[in-house]
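**Student:** In order, the protein sequence lines correspond to chains X and P. Position 64 (the first sequence) corresponds to 64 in this note's numbering; numbering is contiguous. In this note's numbering, each number is its position in the second sequence, counted from 1, plus 1000.
Heads up, a few of these hints could be off.
[Stated by the list, open to error] According to the in silico footprint, chain P covers these stretches of chain X (three or more CB under 8 angstroms from chain P): (1) 3 to 11; (2) 161 to 173; (3) 203 to 211.
[Stated by the list, open to error] Here are the in silico distance ranges between beta carbons for each label pair: (4) P:Pro1090 to X:Ala190: 19 to 25 angstroms; (5) P:Ala1098 to X:Ala134: 51 to 57 angstroms; (6) X:Ala79 to P:Pro1090: 28 to 34 angstroms; (7) P:Lys1170 to X:Val111: 40 to 46 angstroms; (8) P:Lys1071 to X:Leu91: 56 to 62 angstroms; (9) P:Met1198 to X:Cys146: 50 to 56 angstroms; (10) X:Leu80 to P:Ala1127: 50 to 56 angstroms; (11) P:Glu1356 to X:Leu124: 45 to 51 angstroms; (12) X:Ala87 to P:Ala1308: 54 to 60 angstroms; (13) X:Ala134 to P:Pro1090: 57 to 63 angstroms; (14) X:Leu91 to P:Pro1090: 27 to 33 angstroms; (15) P:Ala1308 to X:Leu57: 26 to 32 angstroms.
No lab work stands behind these hints, which were simulated from the structure alone. Glycine included, every Cβ here is placed at the ideal spot set by N, Cα and C.
So the chains spell out like this:
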Amino acid sequence: MIMTLLLNGLSYGLVLFLLSLGLALSLTIAKFVNLAQGLFAMQGGYLGYVLMTRCGLSFYACLPVCFGAGALTGLLLEALLLRHFYARSPLEHAGVSLGLIFMAAGYAEHVMGPSPLFIALPKLLQTPLTLFGATISLYRLALMACCTVLAALLQSAMHHTPLGAQFRAASENPALARALGINVPFLFSASFAFCCGLAGLGGLCTMDFLGMDPLFALRFMGIALVIASLGGVRGLTGTLCAALFVGVCSSVGAYVLPSSGTLVLDVCALVLLLSVSPEIFARGSRFS
Amino acid sequence: MIFSLPSVFTRLPRRALVIGLASAFICACSPAPMHAAEPFRIGLILPFSGLSASTGAYQLAGATLYLKQHKNMFAGRAVELLVRDDQGAPEITRRHAAELIANDHVDVLVGFGLTPLALAAAPIATAAKIPMLVSVASSRKITAASPFIVRTNLALAQAAEPMARWCFEKGYRTAATLVLNYAPGHEAEEAFAGVFEMLGGHTPTRLQVAAQTPDFASALLRVKEAHPDVLFVFVASSQSGVFFRQLQDSGLRQAGIAVTGTGDVVDEDVLPALGAAYGESLLGFVSAHPYSVLNDTAQNPPFVAAFAADNDGRRPSSLAVGAYDAMGLLDHALQKTGGAGDGQALLDALTGLTLESPRGMIGVDRQSHELVQDVFVRTVISRNGAFYNLPIARYAQIRLPPQ
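The shape of chain X in the complex, shown without the other chains (with noise of 0.2 angstroms):
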């Protein structure tokens, strides 16, 4: 029983890491309070939704596709929208980010319609799995050893490549990077591109936790903010840490007290930010 929970918690977990990477990226990078990452789900979830139903196309191709559309949305935003706000105030920010949300919510109910959607998995990641005594399907475990060698291979890539300690640089001081030679605003449009990209992924994989629904963005963003207080916003262990821990959180709060919602993982949140301190899972250095 304990595993199944623990289990599905984390699966969870992993999969709200996925979509709340950007947002911890463009807080470092750009100070830009990103709050619509929801957003990039949702044009994920969607677009798998009408790949799937209309065009025949099987989830494993769907899954490139909804990560290129993301990146592509994510890029195309940051130039022509986002980037001009970036000197503005953290208020604005918001204030932009919520507009956001709130145009994708009309669209979508627009046009994909008001009540929430679902896809079919193949049948071969529908089967249960019994393992350690707990009966998990074959997509929830294959959903965690991906995101855990994703997690693995981006920290990986952050500490032992060039690139990442550009992209360190570049999150600690910008302008002395920029003075050094690399192209900032590039490596930051190419990041967030990418974080969209993985939002958008997450997305479709959302749709067989949540289902996908015009306002599944406003909903997910008071779940980023709880992920980005506990995790802090400096990098990836601190989100993969935070987002673990409201993954099992929900779950088990929702086992041991069905009819309280979120209340179990908002009051452990709270006792944690208020007796240890906010960004509780973030390391001591800058971008870890």
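Mind docking chain P on chain X? Use the hints.
**Tutor:** Quick look at chain P alone, frame taken from chain X:
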């Protein structure tokens, strides 16, 4: 502003003024002989945006179909349908109800997509003595809130009680319930558990999940540990996709636990998409509800065909039928009163009225103002690649006691 009579009034001789006012008053009080020519105005207040938006869409489709089939005339009076979107917010419902009655002079209010919305408008209907037909919301608190309320869809207890009876007759003796944590959910749980235990069964596990963001996976885990013979669920049709995914993952079926519920989770508007996504694992899901596209009544096949023709081939959901029958009830009530649409007279004509509907014979109970109707236990089958709810048992004319 200082109130003073305009000078013209002080110049007129007082006698002329008194006679003039008196005649105007008498003319205003005389019974208006123009009722037959005056249109019958229906105020339809529903959510057309937000998560409940499909409610509004299906109800409007059902109502407009009836009006189209009857050439927009009830008992010789032209019908005007005034539609308002309350966005699922009680304050907006209240405002629309007040405006429709005071400014647009509607004769009746119809709709109300959720229990709080109906409760918000109830005092206004009572004060204005305007009948209020609740065609969506399913909590019993609503009919208790105003003597002018009549229900045209169903109260959730009406589906839960026959389900409990059927489960017991099937041989199940222990049950678990899983409902959403709001009024209709609590009523469904109490109705099911009440009847099941009265017959001799046990419902030790009663779970309620948060209505807004339900996490069924953990609750289903608890059900699996309790290992009852049968699980009874109440889930809104908008969450059925998430529920079935997590039901499949939970392995309840493999553990030998039967799963049943109210018909909302497999309602006709989501069933085709659910079938496409979950295929065989959906087959054999048993639910209880008054309406299915396969209901074997005289009116149903032409109704389904006409609805599909007007709505891009979609199936009528139970909500579409609720609005269709609301129009039917109003039509027959007006025929009974001979076209007069006054509040109390219209209400008296509505209560006790019986009507043949696509779901079967329905009637408005005089004391409780609930709908008396047949409830069917149905199972999900596959026919020509599409999924349907096939009625397998009929519980006739379920009547709820007055509150």
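**Student:** For Lys1071 (chain P) and Leu91 (chain X), compare the CB-CB distance with the range 56 to 62 angstroms and indicate the outcome.
**Tutor:** Distance hint for Lys1071 (chain P), Leu91 (chain X) holds at roughly 57 angstroms.
**Student:** Does the Cβ pair Glu1356 (chain P), Leu124 (chain X) satisfy 45 to 51 angstroms?
**Tutor:** Check passed, 50 angstroms falls within 45 to 51 angstroms.
**Student:** State, for the Cβ atoms of Ala87 (chain X) and Ala1308 (chain P), whether the hinted interval 54 to 60 angstroms holds or is violated.
**Tutor:** 56 angstroms, holds
**Student:** Given the hint of 57 to 63 angstroms, check if Ala134 (chain X) and Pro1090 (chain P) actually sit that far apart at their C-beta atoms.
**Tutor:** 43 angstroms, violated
**Student:** Per the hint of 51 to 57 angstroms, is the separation of the Cβ atoms of Ala1098 (chain P) and Ala134 (chain X) within bounds?
**Tutor:** The hint (51 to 57 angstroms, Cβ to Cβ) holds, given that Ala1098 (chain P) and Ala134 (chain X) are roughly 55 angstroms apart.
**Student:** Does the hinted range 26 to 32 angstroms hold for Ala1308 (chain P) and Leu57 (chain X) at CB?
**Tutor:** The hinted range 26 to 32 angstroms holds for Ala1308 (chain P) and Leu57 (chain X), with Cβ atoms some 28 angstroms apart.
**Student:** Cβ-Cβ distance between Pro1090 (chain P) and Ala190 (chain X): within 19 to 25 angstroms?
**Tutor:** Violated - the Cβ-Cβ distance for Pro1090 (chain P) and Ala190 (chain X), about 48 angstroms, lies outside 19 to 25 angstroms.
**Student:** How about the segment 203 to 211 of chain X: do at least three of its residues have a C-beta closer than 8 angstroms to a C-beta of chain P?
**Tutor:** Three-residue rule met by the segment 203 to 211 of chain X, so holds; n is 4.
**Student:** Taking the Cβ atom of Lys1170 (chain P) and the Cβ atom of Val111 (chain X), is their distance within the range 40 to 46 angstroms?
**Tutor:** 44 angstroms, holds
**Student:** Note whether the CB distance of Leu91 (chain X) and Pro1090 (chain P) lies within 27 to 33 angstroms or breaks it.
**Tutor:** Holds - the Cβ-Cβ distance for Leu91 (chain X) and Pro1090 (chain P), about 31 angstroms, lies within 27 to 33 angstroms.
**Student:** Per the hint of 50 to 56 angstroms, is the separation of the Cβ atoms of Met1198 (chain P) and Cys146 (chain X) within bounds?
**Tutor:** 52 angstroms, holds
**Student:** Checking C-beta pairs, does the segment 3 to 11 of chain X have three or more residues closer than 8 angstroms to chain P?
**Tutor:** That given contact holds, which follows from 3 residues of the segment 3 to 11 of chain X lying within Cβ reach (below 8 angstroms) of chain P.
Of the numbered hints stated above, those contradicted by the structure are hints 2, 4, 6, 13, listed in ascending order.
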